[in-house]
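K.L.:
Put together the whole structure using the sequences plus the hints.
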Amino acid sequence: MAVTEVLMAGFGGQGMLLSGKLLAYAAMEHGKEVSWLPSYGPEMRGGTANVTVCVSDDPVGSPYIIEPVALLVMNQPSLEKFGPRVKKGGIIVVNTSLIPITADRDDCTVLNIAANDIAKEAGTARAANLVMLGAYVGWSGIVDESVTIAKIEKEFASKAKFIPANVAAFKAGYAEGAKMKGGA
Amino acid sequence: MAKVLMKGNEAIGEAAIRAGCIHFFGYPITPQSEVPEYLSRRLPEVGGLYLQAESEVAASNMIYGAAGVGVRVLTTSSSPGVSLMAEGLSYIAACELPCVLVNIMRAGPGLGGILPAQGDYLQATKGTAHGDFNLIVLAPSSVQEAVDLMLVAFELAEKYRNPVILIGDGMIGQMMEPVEFPEVKVGKPLGPTDYALTGCKGRERRIVNSLYLDAQKLNDHNEKLKAKFELITENEQRWEYYNTEEPFDVLLTGFGMMARICKTAVDVLKGEGINIGLFRPITAKPFPYKPLRELIDRSKRVLCVEMNMGQMLLDVQFAAEGTVPIDFYGKAGGIIPSVEDVVEQLRAAIAKAGGSRSGK
Amino acid sequence: MKKIFSYTDGLTKKTTHYCPGCTHGVIHRMVGEVIEELGLRETTVGVAPVGCSVLAYEYFNCDMFEASHGRAPAVATGAKRCRPNLTVFTYQGDGDLASIGMAEIVHAANRGEKFTTIFVNNAIYGMTGGQMAPTTMPNQRATTCPMGRDVEQVGHPIKVAELLSSLTTPAYVARVSSHTPEETVKAKAAIKQAFQYQKEGRCYTFVEVLSICPTNWGLSPRESNIWLEKEMMPYYPLGVLKRPEDFEGETDGGN
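Protein chains in written order, with this note's numbering: chain X, 1 to 184; chain B, 1001 to 1360; chain C, 2001 to 2255.
Bear in mind the hints are in silico, worked out from the structure with no lab data behind them.
On a predicted model such as this, the values are computed, not experimentally measured, just so you know.
Do not take every clue at face value.
Claimed, not checked - The list that follows gives simulated cross-link-like pairs (lysine-lysine, DSS-like), each with its CA atoms no further than 30 Å apart:
# : chain 1 : residue 1 : chain 2 : residue 2
1 : C       : Lys2192   : B       : Lys1201
2 : C       : Lys2013   : B       : Lys1217
3 : C       : Lys2230   : B       : Lys1201
To be verified - Among the chain X residues that face chain B by a calculated CB cut under 10 Å, a handful are:
# : residue
4 : Gly12
5 : Val34
6 : Val60
Said to hold, decoys possible - Where chain B lies over chain C, by a calculated footprint (3+ residues, C-beta under 8 Å):
# : region
7 : 2040-2046
8 : 2055-2063
Every residue, glycine too, gets a C-beta built ideally from N, C-alpha and C.
P.N.:
Spelled out as structure tokens, the structure:
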């Protein structure tokens, strides 16, 4: 059973639910089975928000995951809460623009990504969530870069002016991730 | 048709449209509000009717009115709202009208919480409201199954002229999964509607009524409803066996999303060479007692896992008739038993059963 | 010989169960005649309430629902919204409409549901044996206020017609009475107007009919008529409180 469980977490409004959706869309394009399970409720409005995406060759069993193999975190509370739960040998992507600490896990790969800074350079700091997604995709190769970009373009189709900055942010993150994979 | 990624709540709304239902009355409540939100957008596109009621009490009586004039109608809610709909459901069942209700369950009792739970199993299957009546209760364990069962729900409602309730927990409402929809059936006519109030032109007038002041007549009406449910019980049981081909000592049971988490737990232990059988009712009512009993008779012990304090457990105990010990593991309040939790409970059950027959 | 009075096709020939002197029969007759005169019988669906007129489905000669207590406006909403070509009416008493069903009636009126409500206000719970209603008059005795309605404890009687008239949504709202032949003629005209507006798809239509309950008031029918006129009419004034024409030209949001 080749299942990859990806937990993405941050404050509500930081766009991690959207990053999860884009990953799920892209994985579907590759013929994978997926599930997208969010935290919901008041949490979504300013509190912490997280989503678990499962990508699998077979139908997804339990979509409810305690120990993910990958964690993408946008804020410190999420890192503190979920960091210790990542499976041994897993990967943690930390947004160092907003998190002053790093993951204390010797048994996992830790990607320190200044997501907000990279996003700002790409055109908008609001696309930090896509830098994070890009870094994970670039590092893991779980989905193709071009397929994901197509999904971003589709997602923002009704707000076309945002497409270039968001795609640029994703690409910049992707490059960081891919580079670190080479270096790891 | 290609698969699309959709939230359970939205997929349920779309499935209703695909089933030919274009009339919706409801009231917003977390965690099912995406159903009315979706349908308020979608139904006008297909020439349908969306109306937000002033309360769940009113909504359940609006669907009574809609079902009574012979249209296909849906309402959706979550636990506290379903309690308020109990009134309408009793009348609709009493008047033998078809309709579909969806309960995306949240944690109770009282105002409880908004996180996923399965605490309304007994409400749906046993004591929905006053009087002797029976709902047909469907319990999907994936978004795709929720879609498929929505179509079944309308078919059964119309076949038996009986309300059907689909129960899912907040997880199935909120999660997104790829789904495939059947061909559009918008405008598909209802079956025979010789009960419907459509104006008495060219026929005798009709009455949709559940008042019987004559005891014998009311008794006869109850007998009729009972006979109908016996027929439903005979014809409409649905269930799933998982990993039951080879011998097992411990049988695991659960319904809805919990059964799916259980499935992964079964897979985990299978990877270690331990065989666990899994039974999942798809119709929580009529409950498939015999199919469950066949597996119980092959096991030394049963573990029932639910997101409540032990509700389907009563049906499992009823099926077992005291022949094997039954363990229960449940969490409420929005805590979801994880795969790891279930595996741990299974190991304990195996130990109590005195070792397990291994797989290969 | 010239026939000057006959059954109305709007009612069945079943003998009603109402008490001697009760005006439900008269009000039924008015509704039945209106349905017949407007040629609506074969397209009408009525909704009976819980209360004295719980068996109204036996008497109106058209398709009928029996609703749960207070929910007739919700049932009527479901019926009329799904089949807009039907003529739909609810027939409700004061306990059903003004107490347990207050939310349903207010919201149906506020949504501008295109059906008609006949609201029979006799200031008492009749069927259950004379308990206090939301419309029971101050100091009026009932089995659950044996010393008379104490407005300090339970508030004042609710003027439903005025309450519904206060809504912004266009509607036809009238209060009539059934205690004299003259008032009955006016009452029927108001009911006919309500069904006529519905026929035209204009607006929500509501007719409150003041009615007597000799049995539970403990008065003779004649005394009851006098009591209604002396005690109820000053508090519940008759007349048309609101009509859809009032809104024409003022709003474009009425339809």
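K.L.:
Does each hint hold? Answer for all of them.
P.N.:
Against the structure, the hints:
no.	hint	verdict
1	C:Lys2192 - B:Lys1201	holds (21 Å)
2	C:Lys2013 - B:Lys1217	holds (23 Å)
3	C:Lys2230 - B:Lys1201	violated (45 Å)
4	Gly12	violated (14 Å)
5	Val34	holds (6 Å)
6	Val60	holds (7 Å)
7	2040-2046	holds (count 5)
8	2055-2063	holds (count 5)
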